[in-house]
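> As a plain string of letters, each chain reads:
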Amino acid sequence: MKVALQNLTKIFPNRDKKKVNEDVVAVNNFTFEIPDGKLIGLLGPSGCGKSTTLYMISGLQKPSSGKIFFGEEDVTELPTEKRGVGLVFQNYALYPHMTVKQNILFPLQNLKGADKLTKENMLERAYEAARLVQIDELMDRKPSELSGGQQQRVAIARALVKMPRVLLLDEPLSNLDARLRLQTREEIKRIQMETGITTIFVTHDQEEAMSISDFIVVMKLGVVQQVGKPQDVYDDPANLFVAKFLGTPPINVLDGEVKSGKLFIGGAAVLDVPGVADQAVTVGIRPEGFNLDPNGPFTCDLSNVEVMGRDVSVVSKHANSQNPVVRSIINSDANIDTSATTISYSLKSHKVFIFNKDTEERIRF
Amino acid sequence: MVDSKQQWKAWLYLAPALILLAIFTVWPILNTSIMAFQEGYNEMDALRLGRWGFPIGLGNFERVLNYSKFWSALQNTLILCIPTVLISTLLALIISVCLNSIKPLQRFLQTIYFLPYVTNSLAIGMVFAAMFNIVGTTAAENPVISTYGIINNIIMMFGGDPINWINAGSTYETKLIVVMIYIIWNALPFKILILLGALQSVNKQYYDAAKIDGTGKVRTFVRITIPLLSPMITYVVITGFIGGFKEYSSVVGIFDDAMARTGQLNTMVGLIYTSITNSNTGVASAAALILFAIIFVITMINLAISKKTTYY
Chain X
145 MKVALQNLTK IFPNRDKKKV NEDVVAVNNF TFEIPDGKLI GLLGPSGCGK STTLYMISGL
205 QKPSSGKIFF GEEDVTELPT EKRGVGLVFQ NYALYPHMTV KQNILFPLQN LKGADKLTKE
265 NMLERAYEAA RLVQIDELMD RKPSELSGGQ QQRVAIARAL VKMPRVLLLD EPLSNLDARL
325 RLQTREEIKR IQMETGITTI FVTHDQEEAM SISDFIVVMK LGVVQQVGKP QDVYDDPANL
385 FVAKFLGTPP INVLDGEVKS GKLFIGGAAV LDVPGVADQA VTVGIRPEGF NLDPNGPFTC
445 DLSNVEVMGR DVSVVSKHAN SQNPVVRSII NSDANIDTSA TTISYSLKSH KVFIFNKDTE
505 ERIRF
Chain U
68 MVDSKQQWKA WLYLAPALIL LAIFTVWPIL NTSIMAFQEG YNEMDALRLG RWGFPIGLGN
128 FERVLNYSKF WSALQNTLIL CIPTVLISTL LALIISVCLN SIKPLQRFLQ TIYFLPYVTN
188 SLAIGMVFAA MFNIVGTTAA ENPVISTYGI INNIIMMFGG DPINWINAGS TYETKLIVVM
248 IYIIWNALPF KILILLGALQ SVNKQYYDAA KIDGTGKVRT FVRITIPLLS PMITYVVITG
308 FIGGFKEYSS VVGIFDDAMA RTGQLNTMVG LIYTSITNSN TGVASAAALI LFAIIFVITM
368 INLAISKKTT YY
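Chains as they are written, first to last, in my numbering: chain X, 145 to 509; chain U, 68 to 379.
What the hints contain is simulated information worked out from the structure, not anything from laboratory work.
Just a few of them, taken from the derived set where beta-carbon distance is under 7 Å, the chain X residues facing chain U: (1) Leu204; (2) Thr224; (3) Glu225; (4) Ala237; (5) Asn254.
Just so you know, even glycine gets a beta-carbon here, dropped at the ideal spot from N, CA and C.
Taking the hints into account, I'd like the entire structure generated from these sequences.
Take a look at the structure:
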C-alpha cells in the first residue's frame, strides 16, 4: 500500500498564552510519498515531530491541515479503527492481563461482519503471526513473564496479525539493550521483506535508520530536511543539520573561507572548490575523508590515536574546529608516528561539504 | 535489614503507635473474646464475683442464637449489605468512567460526588427522612395530607399516588428500600474516589492500542478497562462488605435508635449495642464474635473469587 502525505501539518495550540505567545508547530507542511512495500525510517532528534507524524498516519492524532492517502483512498477523516494500520508502541502496550495468545488474537476478535473469522481461522492466523516473529513457544505466557525483546516480538505479531495495510513502529528498538537492538533491527527488516507490508518506523538513532531503511526522512523541528536512500543522504547532505546528524563518528565541522575557487581552513588552501563565490563558509569533513599525507595541506595538532582494530581513530586539534577535536578514521595499516606533535592530511573532495555560514544550506562545487 | 544494634531505635519510633494499638485495639479484641466465653458475664456481677468468677462455656453463644431478634438482625444486615455493595460498586464504576471521559466540569462534579463522604451520616439520614416523608415532619398519620417529602412530590407530579415510605404504617419493604437507597448513595463517594484514581492511572496507550486494533467502546470497557481496574474493584467490594455488615448508623439516621436496635430494621451492630446497654456484656461479646466470623467467611469467599478474576 502506497502512503502519501500531502502538506501534512500539526499545530498544538498554546495553552499558556502569558508565557509563550506561540503555538507549537509539531509537523510543518510534510509532503512525501512512500512507495508500496518499502521500509521507511523517520529520523530526527527528540521533538522533531517524527512521532506526531506517525500518530497522524495511524489516526490517533488528527492533522491540523493536509491530507493522508493510503493508495488512492483519502483516509484523513477516517477513524483509527477503520484505517487498518498496525502500530507497535514504544513501550509495546501489550495488555498485561492477557496471555500472549490472547494479545495476538485480540485484534482478530474485533473483526465484524464480512471479515469475521471462525475460531480455527483466528488461531491459525495468530500462530502464523507468532511463527513469523518466532514466539510460537511463548503463547501461554503473560507479558510480564517475557523479556523486552520477546515483548517487542509479541507487539509486532499483534500488529501484523490482522494484515494491516501499513505497519507503524514507534521507536521500536529504544527499550532493548545494544545486542538485542542489532538483532531485532535485522528481524524487523526480515519480517518487513517477508510480509511486504509498507512499514514506517520512527527513530532518533541514525545508525538504526540507515541500516535497515529503504528510505530515510530526516526531520528537524517539524520540518523535513531531506528524504532519500540512506547512502545518498549520507553522501549528499542537503544542509549542515543533516550532515551533522548522520554518521558515527560525527562529521568534523570547521570554519573556513572560499577565496578565488580555493577552500581555506586557517590560512591553508586545503581543496579546490571551483565555481564557489568568495565567502566565509562552514566546512564539514567526514572522518573517513582524510588521507594521511606528510605533505598534505591540512595540518592538525595530534592528540592521540585510538585503536579500533581494523581502523584507527586519530584524535587531533585544530584552531578552526567547531568541535573540541578533529577525528579521522585511518586504515590501521598506515603507521602513524604517535610521538609526532602534528599530523598532516590531504582531503578527499567527495567527503568534504561546504555550507553557507548563515543559512547552513549546502554549497555545491 | 536494620543493624541489630540499631533495632532499639526502630522499636522506639514505633512505640507510640504500638502502645495505642495495644490499648485500644489488641486488648479490646482479646477482652471481647474472653468475655464471649464467660457465661453470663456482665459488669455488675463482675464487681461481686471478680473478673474470672464466671463459668467458661458456650452459653453466651447459645443465648444469642436462641434470641429471636438475632435472626431478624442477621436477615436485615444481609439484605442491607449484599445488594447495596454490588449496586453501589456498579454505579461507582459507571460514574467514574463517565467522569473520567469528560473534560469540562470534571473537577466540579468530582467535588459534588465526594460531598456525602464529608457529611455527617446522621444529618444525611435526617434529610432522607424528610425527602421520603409523607406528612411533613409528623410521625403520626395525618388524615389531612398537606405536606409531602420531595420524593412523593415527584411521584405525584407524574400522576402517581404518594407512597408511605417510612412513616407509621409503612411496610417493611418500603422502609428497606429507603435505607438501601441511602446506603448506596452514601457508599458511592469512596468507591468513586478509588475507581476514578485507578482509571486515571491506567496507561492511555492501552486505549490507543485498543483503538488501533479496532475495538468497540463496550468491548474496550469489558475486555480492557475492567480487568485493569480489577484489583481496585476487589478492594472496594471487600471493604464494602466489611462496612456493610456493620451497618447501623443509616437506620438510626433515617428512623431512630430504637428502630436500629429492637425495631423492624434492627441490625447486628444494633443487637450488640442493645446487649451492652442491657448489661449482657457476655452476650454482646458473643454476638460480636459471630459477626466477626461472618465477615471473615465472606471476605475469604471474596478473596477466593477475586483470585480467579483479578489480574495483578
